[in-house]
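K.L.:
Start from chain A and add chains B and C according to the hints.
Respectively, the protein sequence lines represent chains A, B and C.
Following the numbering used here, the numbering of the first sequence begins with 1 at its first residue and continues without gaps.
Following the numbering used here, the numbering of the second sequence begins with 1001 at its first residue and continues without gaps.
Following the numbering used here, the numbering of the third sequence begins with 2001 at its first residue and continues without gaps.
Treat each hint with caution, since some may be false.
To be verified - With a straight-line cut-off of 25 Å between C-alpha atoms, the simulated DMTMM-like cross-links for lysine to aspartate or glutamate are:
1. C:Lys-2186 <-> C:Asp-2130
2. C:Lys-2054 <-> B:Asp-1357
3. C:Lys-2186 <-> B:Glu-1065
4. B:Lys-1199 <-> B:Glu-1305
5. B:Lys-1539 <-> C:Glu-2078
6. C:Lys-2186 <-> B:Asp-1044
7. C:Lys-2163 <-> B:Glu-1036
8. B:Lys-1539 <-> C:Glu-2028
These aren't lab readings, by the way, just hints derived from the structure by calculation.
Residues per chain are reported as follows:
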Amino acid sequence: MTQVKTEKVRIATTSLAGCFGCHMSLLDIDERILQLAELVEFHKSPVVDRKTFQERCAVGLIEGGCCNAENVETLRAFRDQCDILVSVGDCATMGGIPALRNLVPLEECLREAFLDGPSTVNPTGRPPDDPELPLLLDKVYPCHEVVRVDYHLPGCPPSADALWAALQALLTGAEPTLPYPLLKYD
Amino acid sequence: MKAALVSHTVARHGSDAPALMAVLRDIQSAEGCVSEARQHEVADAMHLRPALVRAFVGFYSFLTERPQGRVVIRLCDDVVDRMKGYDRVRHSFEDALGIAVGETTADGTVTLERTPCIGLCDQAPAALINDIPFTELSSDRAWEIVRGLQEHGDPERLVTRMGDGRNRHPRIHAMVNNNVQHQGPFIFGPLNRGEAIRKALSMTPFEVIRTLKTARLRGRGGAGFPTGMKWEFTRVARGARKFIVCNADEGEPGTFKDRVILTEFPDRVLAGMTIAGYALGAREGLFYLRGEYAYLRDYLESVLEQRRADNLIGRDILGRKGFDFDVEIRMGAGSYLCGEETALLNSCEGLPGDARDRPPFPAEAGYLGYPTSVNNVETLCCVAKILERGPATFAEQGLPESAGTKVLSISGDCTRPGIYEVPFGIELQEVLELSGGTDAAAVLVGGPSGALVGPDGFDRRISFEDLATGGALVVFGPQRDLLEVLRGYADFFAEESCGYCTPCRIGTQLIQEYLARIHAGRADRQDVEGMIRAARTMKRSSRCGLGQTACNPILKTLESFPGFFDGWLAEETNGTRGAFDLEEAVAESRALRGGDHV
Amino acid sequence: MSDRVSFTIDGTRVEAFRSQSIMDAAMESGVYIPRLCHVPGLDPWGSCRVCTVKVNGRFSTACTQPAMTGLTVENDTEELNDLRRDLVEMLFVGGNHFCMSCEKSGNCELQAMGYRLGITAPLHPYLHPDRDVDASHPDIMLDHNRCILCARCVRTSRDLDGKQVFDFVNRGSDRRIAIDPGARLKDSDADVTDRALDACPVGALLRKREGFRVPVGEREYDHVAIGEEDGVDPVSDLWDES
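So here's chain A without its partners, still in its complex pose:
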């Protein structure tokens, strides 16, 4: 990354149905984060705690797949506001651990989680149903089934080196293809 642009590239990130592990991995780039800070401005992102888009971003990094209506809304906003959208991590690219529930009917999942589980104490006898809670989707979707996704960066999480390599490529306008040791599904 030789040429330093005068204006920083705006990046947005979010975690949908994920565990924030991918974000942690991003922080794992260690001292390179200083270099990154020179190059990019984190816009809407948990890294800087900005909740809404005020400006278009060049790159959007999505962690997590879609398990509820709010995830879909957020993902659509990212698609709308970002020039390049990247699915980061196995949850975004294939549903990941949350997608294990796709093997079980939704009603059964809720029953097990909130009513019948061996350690469950739930005097209401109902799963949480506050209107503020987003509605669950019938199954967990990888991001590319909901919006058009430009690149996929698998891994659980993708390593700091993989994220760094992909970001480097994206910031120079190249395709973020990973060298062999960095392409991982785990």
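P.N.:
Just chains B and C now, kept in the frame of chain A:
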């Protein structure tokens, strides 16, 4: 008696592995299932691995581990049956029996099942009750049948009328009609019993093969391999035994020509087999009859008996010392793939009907590893007629690459469904005129593994040069939802894939899923591209013909109707996939939250 | 010599015995043809179709196609690698493969093939089949969710262990590895020392209590692509680490 069932059955059919089908079919029909315990007993008695017996039972849809009723109603839900009122008939059966498809009545007497094409599209909707075909079903008829079954429980007594032609024969005694609408000179020409074999015996075996080459005969199953060349391979292959197999397992949805040929001219088919025996130096013939045509079995056995009595098969045939040839009927049990010759051979050997790798080809190593020639019913009829009337008479009909005639099974939206023997090279338009299907919006030529052709292509010719077909033609009128039609065939292929190889096992499921999304308006261009990608992968890398052609409802349809799927596609807006419908995705949890069932 | 044949793979001349398959000949000559169901020492099976090559212009599986003089075989081409990518994608969406929690991860050949072919995400819809786990055996686990039906256990048990523990049952999407009717793994002859367990390319057949023994970074395919293990593949320069 119960305990002796297996030992009696095995004693009757023998304990060699090839008898497995006959043994398991008998146990299934005696007990309504082949239980795990019976599987172990059979394995013991036949010295087979229990896992193999289990694999066999699991493969064929007429064999079940789960108990079925004494009476099993198999409603045919082929695309044509659906066009002709399958749903109404199904609902009537379900209401009358108080069960859904796939269930057995509480008293354990009647099971209601669905099944793919049973070769009765010209008189759909149809069903098999035990082995007995019931045709042109209606709601009233369904209720009547159920009432009869509740009264006396005997499906035989529900056979209320006879079909045409030899369906009246006491050994057939079926309500089936042949519907022969157009008789050609060869398959439906006059029968001259013994003449073809006599002519063959006046030649050397190689002259017989040369005669077929001169006639330019090609296999009638659809692939069209030159019969003379195929026979020559088996003739020159070395083996202590050789086998002639008649493939009477027509399973392509929409085809029923073999059913009619076997009803009217079984002698002609058997003559063709006998001539093959002579030409190839084989003494043993296997006649693989699809499980759906079990009602013809008794009759075919009687024809074989008569031919033995007349010295047309058996020992020293027609007085020729040392020319021995006999035929044994082998049954299928509900598997489309067994119409593929190597799967058929596996089935005959007592194995699940997976296809085999080629090479080696059956001509070198077929049944039990011996040189084997597998031939279509219609091809064998052509052989007999070519020997009888000379190759020139045959070759002067048709086109250079497609000599002779072709028997077509025509059904769907036409006024005269049935059987047509027409010269090769006939235009599709003329076929539609003959069968009363001229307002067709599309015709499926060669069944779902063939090609869907639109009016632009009605000037195309039935021939190996242009529109090759095993003979199934399904006509679709302008009122039909062709996407629904494609979905029906996609379901068929997914059900019939043996699952051995990746592209067919998973590709057929992906096509089902993609078509379902498209039909529901939940797909965009990316999905169509994904579907085409899967279809191409199937075409290029599937292990046998099933997978290589199961993609044709997608690929051939797009050739005939470019942009076919476009009208159903949802638009992508601002990068939001048309394929994803948020309202639909939250519908279930909205309902759960609103209701009180969780 | 009449029992020797000679043909080309991607332009490289390859010698073989007449009875050999294209795959065997390629392996002996150090040419890598991607494969999942084929392993040397077992009869060819031809189910994964990943070894599909073009032989004189026709698609064919290298493991089942006999070597013959004069064949022109295409192997490492964009067209064929695209086809293989789609086949591997199909295997991923056709089963329930959760690499992040699988004991076999890093040593899994299906995963490694995905890496080699550069698959970042399967784009076909996930089919999420309903599959069982048979954990009845004290030392062995059989997870049908991860099985790719390659028959390596079936053949190894039959031909190398001399046991025939496994077979296939059912057809189409229901096809799966099976043992005797009504039996579970604990009722079978399967033993923790069976070579069949080592034959599984994925995490379907596993020895219990052995998962995650090898740390991440030291597993078989962490650094070296499948097919490049012994540096036997001079043709391919798939990965540029610079």
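K.L.:
Are the hints correct? Go through all of them and say.
P.N.:
Tested hints:
no., hint, verdict
1, C:Lys-2186 <-> C:Asp-2130, "22 Å, holds"
2, C:Lys-2054 <-> B:Asp-1357, "16 Å, holds"
3, C:Lys-2186 <-> B:Glu-1065, "22 Å, holds"
4, B:Lys-1199 <-> B:Glu-1305, "22 Å, holds"
5, B:Lys-1539 <-> C:Glu-2078, "17 Å, holds"
6, C:Lys-2186 <-> B:Asp-1044, "21 Å, holds"
7, C:Lys-2163 <-> B:Glu-1036, "21 Å, holds"
8, B:Lys-1539 <-> C:Glu-2028, "30 Å, violated"
In the structure shown, a violation is registered for the earlier hint numbered 8 alone.
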